[in-house]
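Chains as they are written, first to last, in the working numbering: chain A, 2 to 115; chain B, 7 to 115.
Please keep in mind that the hints were generated in silico from the structure rather than gathered at the bench.
Glycine included, C-beta positions come from ideal geometry on N, C-alpha and C.
A hint or two may mislead.
Stated by the list, open to error - Output of the computed footprint for chain A on chain B, the stretches with three or more beta carbons under 8 Å from beta carbons of chain A:
no. : stretch
1   : 76-89
2   : 104-114
What the hints assert, rightly or not - Below, in silico cross-link-like pairs of lysine-lysine (PhoX-like), each with a Cα-Cα straight-line distance of 25 Å or less:
no. : chain 1 : residue 1 : chain 2 : residue 2
3   : B       : Lys74     : B       : Lys63
4   : B       : Lys82     : A       : Lys28
5   : B       : Lys82     : A       : Lys45
6   : A       : Lys63     : A       : Lys45
7   : B       : Lys82     : B       : Lys63
8   : A       : Lys72     : B       : Lys82
9   : A       : Lys72     : A       : Lys52
10  : B       : Lys74     : A       : Lys52
11  : B       : Lys74     : A       : Lys63
12  : A       : Lys72     : A       : Lys28
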Amino acid sequence: NAGVMQNPRHLVRRRGQEARLRCSPMKGHSHVYWYRQLPEEGLKFMVYLQKENIIDESGMPKERFSAEFPKEGPSILRIQQVVRGDSAAYFCASSSGTGTDTQYFGPGTRLTVL
Amino acid sequence: GQNIDQPTEMTATEGAIVQINCTYQTSGFNGLFWYQQHAGEAPTFLSYNVLDGLEEKGRFSSFLSRSKGYSYLLLKELQMKDSASYLCAVRDGASKIIFGSGTRLSIRP
């Protein structure tokens, strides 16, 4: 049973470019969460999605950031016109939505903006 | 508001026991999680508490007191591989989880 998959693992972009981060949830999971982690800091919630729906985007910056989880394919976190401050590790987690609804994390994408 | 507090760093000796405390204030409470995160890696799930009391899982135990807004993670028979950050997290409402900043635990021989 494959875990949460994220790609790419490392992404380098120049200021002003776009970054696309992908997340495939664990098999059987339909809930996806995105978090950002700066060095030496905790995880900051960004957005919670179910298939084709954004449930909670209260942690998402209002501009340049968007997320989707289409009916088919992975969830995408998109950052437009990246700036140096966007450099961070972006983790995706998934859960089943039932029972304890524990979130399981992917390996993360480390974004570096030059 | 929402606030989760845990010590920034702790040091313990191999073979010993260490307790990592966490206090929280959230508008809603729907369970508390502990995760382990090694440097440069993803968080991995350790434990979940939703009712008061102690949950034991091997060398790790987690305790919750909802009335006090307090939890601790107890690690026994410490091993060098236990050197990691330990994240306390509270589910606030239906699914959103709020994480503390983590406690960096160093194990010395």
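A quick look at each hint next to the structure:
1. Counting residues of the stretch 76-89 of chain B whose CB falls under 8 Å from any CB of chain A gives 0; the rule of at least 3 is not met.
2. With a cut-off of 8 Å between beta carbons, the stretch 104-114 of chain B has 5 residues touching chain A; three or more are needed, and the interface restraint holds.
3. Only pairs whose Cα atoms come within 25 Å are accepted, and B/Lys74 paired with B/Lys63 is accepted, the gap being roughly 23 Å.
4. Between B/Lys82 and A/Lys28 the alpha-carbon distance is near 33 Å, which puts this suggested pair outside the 25 Å criterion.
5. Of the pairs offered as hints, the one joining B/Lys82 and A/Lys45 is violated, with about 29 Å between alpha carbons and a cut-off of 25 Å exceeded.
6. Simply put, A/Lys63 and A/Lys45 have alpha-carbon atoms about 15 Å apart, close enough for the 25 Å limit, and the pair holds.
7. Among the hinted pairs, B/Lys82 with B/Lys63 is consistent with the structure: their alpha-carbon atoms are about 11 Å apart, no more than 25 Å.
8. About 45 Å separates the Cα atoms of A/Lys72 and B/Lys82, which puts this hinted pair outside 25 Å; it is violated.
9. Taken as a hint, the A/Lys72 and A/Lys52 pair is honoured in the structure, with Cα atoms around 6 Å apart against an allowance of 25 Å.
10. Between B/Lys74 and A/Lys52 the alpha-carbon distance is near 37 Å, which puts this suggested pair outside the 25 Å criterion.
11. Distance check on the hinted pair: B/Lys74 and A/Lys63 sit about 35 Å apart at the alpha-carbon level, beyond 25 Å; violated.
12. Annotation: proposed proximity of A/Lys72 to A/Lys28 holds, straight-line Cα distance about 14 Å (limit 25 Å).
Violation of the numbered hints given earlier is confined to hints 1, 4, 5, 8, 10 and 11; the remaining hints are satisfied by the structure.
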